[in-house]
Amino acid sequence: MPVVAGVDSSTQSCTVELRDADSGVLLGTGRAPHPPTTPPVSEQHTAHWWDAFRRALALACSDAGRDASCISAISVGAQCHGLVALDDADREIRAVKLWNDTTSAPDVERLLAERGQESWVEEVLLPLNPALTIAKLAWVARNEPENLLRIRRLMVPHDWLTFALTGAHVTDRSDASGTGFYSADQGRFRADLLATHVSDAVDWESAFPTVLGPEAPAGRVLPAVAAELGLGDSVVVGPGGGDQHLAAVGMGLARGEVAFSLGTSGVVFTPADLPARRSWSVDYVCDTTGGYLPLVCTLNCTKVTDRFAHLLGTDLDGLDQLALAAAPGAPVLLAYLDGERSPMRPGSAGVLAGLRSDTSREDLARAAYDGVVQGMVRGMQTLQELAGEPITRRVLAVGGGARSLAYRQFIADRCGQAVTTVDAPEATARGACVQASAVLHGASVAQVRDLWRPATVSTVEPRPGTDAGLDASFLELSGAFDHWYFARH
Numbered sequence: 010m011p012v013v014a015g016v017d018s019s020t021q022s023c024t025v026e027l028r029d030a031d032s033g034v035l036l037g038t039g040r041a042p043h044p045p046t047t048p049p050v051s052e053q054h055t056a057h058w059w060d061a062f063r064r065a066l067a068l069a070c071s072d073a074g075r076d077a078s079c080i081s082a083i084s085v086g087a088q089c090h091g092l093v094a095l096d097d098a099d100r101e102i103r104a105v106k107l108w109n110d111t112t113s114a115p116d117v118e119r120l121l122a123e124r125g126q127e128s129w130v131e132e133v134l135l136p137l138n139p140a141l142t143i144a145k146l147a148w149v150a151r152n153e154p155e156n157l158l159r160i161r162r163l164m165v166p167h168d169w170l171t172f173a174l175t176g177a178h179v180t181d182r183s184d185a186s187g188t189g190f191y192s193a194d195q196g197r198f199r200a201d202l203l204a205t206h207v208s209d210a211v212d213w214e215s216a217f218p219t220v221l222g223p224e225a226p227a228g229r230v231l232p233a234v235a236a237e238l239g240l241g242d243s244v245v246v247g248p249g250g251g252d253q254h255l256a257a258v259g260m261g262l263a264r265g266e267v268a269f270s271l272g273t274s275g276v277v278f279t280p281a282d283l284p285a286r287r288s289w290s291v292d293y294v295c296d297t298t299g300g301y302l303p304l305v306c307t308l309n310c311t312k313v314t315d316r317f318a319h320l321l322g323t324d325l326d327g328l329d330q331l332a333l334a335a336a337p338g339a340p341v342l343l344a345y346l347d348g349e350r351s352p353m354r355p356g357s358a359g360v361l362a363g364l365r366s367d368t369s370r371e372d373l374a375r376a377a378y379d380g381v382v383q384g385m386v387r388g389m390q391t392l393q394e395l396a397g398e399p400i401t402r403r404v405l406a407v408g409g410g411a412r413s414l415a416y417r418q419f420i421a422d423r424c425g426q427a428v429t430t431v432d433a434p435e436a437t438a439r440g441a442c443v444q445a446s447a448v449l450h451g452a453s454v455a456q457v458r459d460l461w462r463p464a465t466v467s468t469v470e471p472r473p474g475t476d477a478g479l480d481a482s483f484l485e486l487s488g489a490f491d492h493w494y495f496a497r498h
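The sequence shown lines up with residues 10 to 498 when you count with our numbering.
The set of hints was computed from the structure by calculation and includes no laboratory data. This one's a predicted model, so the numbers in the text were calculated from it and none came from an experiment. The beta-carbon is built from N, C-alpha and C at its ideal position, and this holds for glycine as well. Do not take every clue at face value.
For each label pair, taking beta carbons as the anchor points, the in silico distance ranges come out as [to be verified]: (1) S243 / D209: 51 to 59 Å; (2) G299 / A489: 40 to 48 Å; (3) A489 / V234: 33 to 41 Å; (4) D96 / T368: 52 to 60 Å; (5) H54 / S467: 31 to 39 Å; (6) T401 / V466: 36 to 44 Å; (7) D99 / V466: 21 to 29 Å.
Please work from the sequences and hints to get the whole structure.
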């Protein structure tokens with residue numbers, strides 16, 4: 010029986026799933042942590058990723074009761090945007106600046122002064138913000154110009170793991186489209202943008218990876234690497250992809266459906282065509298099937314509820330219970346704890362309004378969940394406006410936060426729709442398995458996605474008497490904060 014391995018190298022950890030390559034049945038799972046980061050500076054070393062991957066793969070094999078030599082194909086999904094820069098000996102030049110490193114905010118201000126946001130969206134289909142790879146390059150150019158000149162290969166995290174496995178300097182459309190220097194509608198990297206806005210002293214064209222199609226193999230695992238990992242000598246490696254993009258495949262997301270991904274960041278996305286009208290708050294990234302996956306990403310999600318649980322002296326189960334017991338009308342939270350990306354408010358902080366002498370622990374717990382959810386629902390409303398067709402035929406919750414009944418309940422209340430979870434608790438790793446199976450069998454990712462469509466695990470209905478949409482108090486607080494923020498910036 011052929012086995013495929015799907016990898017999710019996230020901000021916090023590396024997860025590996027092993028699945029039957031034909032049926033998609035889960036055989037084993039392993040997970041190993043990455044070093045924690047604390048924005049605004051958020052950096053990790055590639056060596057830590059490799060170590061976590063090795064340990065997670067071994068744990069998955071142990072959980073499956075199988076030897077790694079049974080694996081026929083591997084695909085890698087990972088956190089997007091991070092800047093991996095290698096020198097002429099393929100060594101890491103500096104620690105990788107991750108997506109949630111916001112130290113490039115001043116560089117983004119400069120780039121926006123040189124080319125307005127409307128132009129950036131027109132050129133690369135996404136608004137410029139500190140998360141993007143191009144912003145990290147601008148930071149290096151300003152702070153470490155000697156390191157900029159040493160760059161010979163540019164990568165994002167999933168590219169590096171694929172490179173470490175195969176020696177192939179490749180990427181896929183989904184992750185390329187999140188760099189800020191790739192025109193997805195034209196299918197090409199934009200060396201001209203980097204030369205104009207970062208530096209004209211680097212040979213950018215030679216530093217770009219080759220962009221692979223959805224089912225194009227990156228290559229086979231190198232013999233020395235196969236020996237290190239205990240793999241066979243002919244393991245094929247898929248093109249890989251961004252974490253949310255492969256998660257969409259893993260959960261079986263289809264047109265007319267929308268997903269709320271609840272992790273370190275909060276991401277709402279839906280498969281759709283490229284619209285004629287575009288919004289500055291939407292990233293029009295590619296998906297991993299050959300189409301597009303417009304998304305809105307907020308910087309703060311489960312970290313907010315983690316922090317409120319700590320402040321209230323409880324665990325996450327206790328916070329869930331407190332929030333669900335609260336009556337409507339609790340304080341309102343703008344969940345910008347580590348700055349914000351959608352809307353772009355780098356350097357900002359969270360705002361809690363509406364405190365009174367009778368405010369309870371339940372009220373504060375409710376504000377934490379509802380503040381995160383309202384920020385994401387605001388993004389969903391924008392996606393709905395641009396899609397030109399309903400996108401809430403099915404509303405899914407995925408990611409670590411989807412285990413929380415409170416998150417699912419508040420999403421259902423705010424969407425006015427039932428919220429479902431599916432049998433894909435590790436949706437990115439599962440989506441990577443789908444891709445690996447497609448590459449192994451010469452099938453399309455979309456075909457395997459539909460064949461492996463996961464079963465529904467839970468459904469949460471909106472509570473009677475709750476009003477869908479955003480609270481007037483949330484909109485008022487957001488507007489007041491924006492006025493204050495722009496007056497100071």
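Practice prompt. Determine which of the earlier numbered hints do not hold for this structure and return their numbers in increasing order.
Written response: 1, 3, 6 and 7
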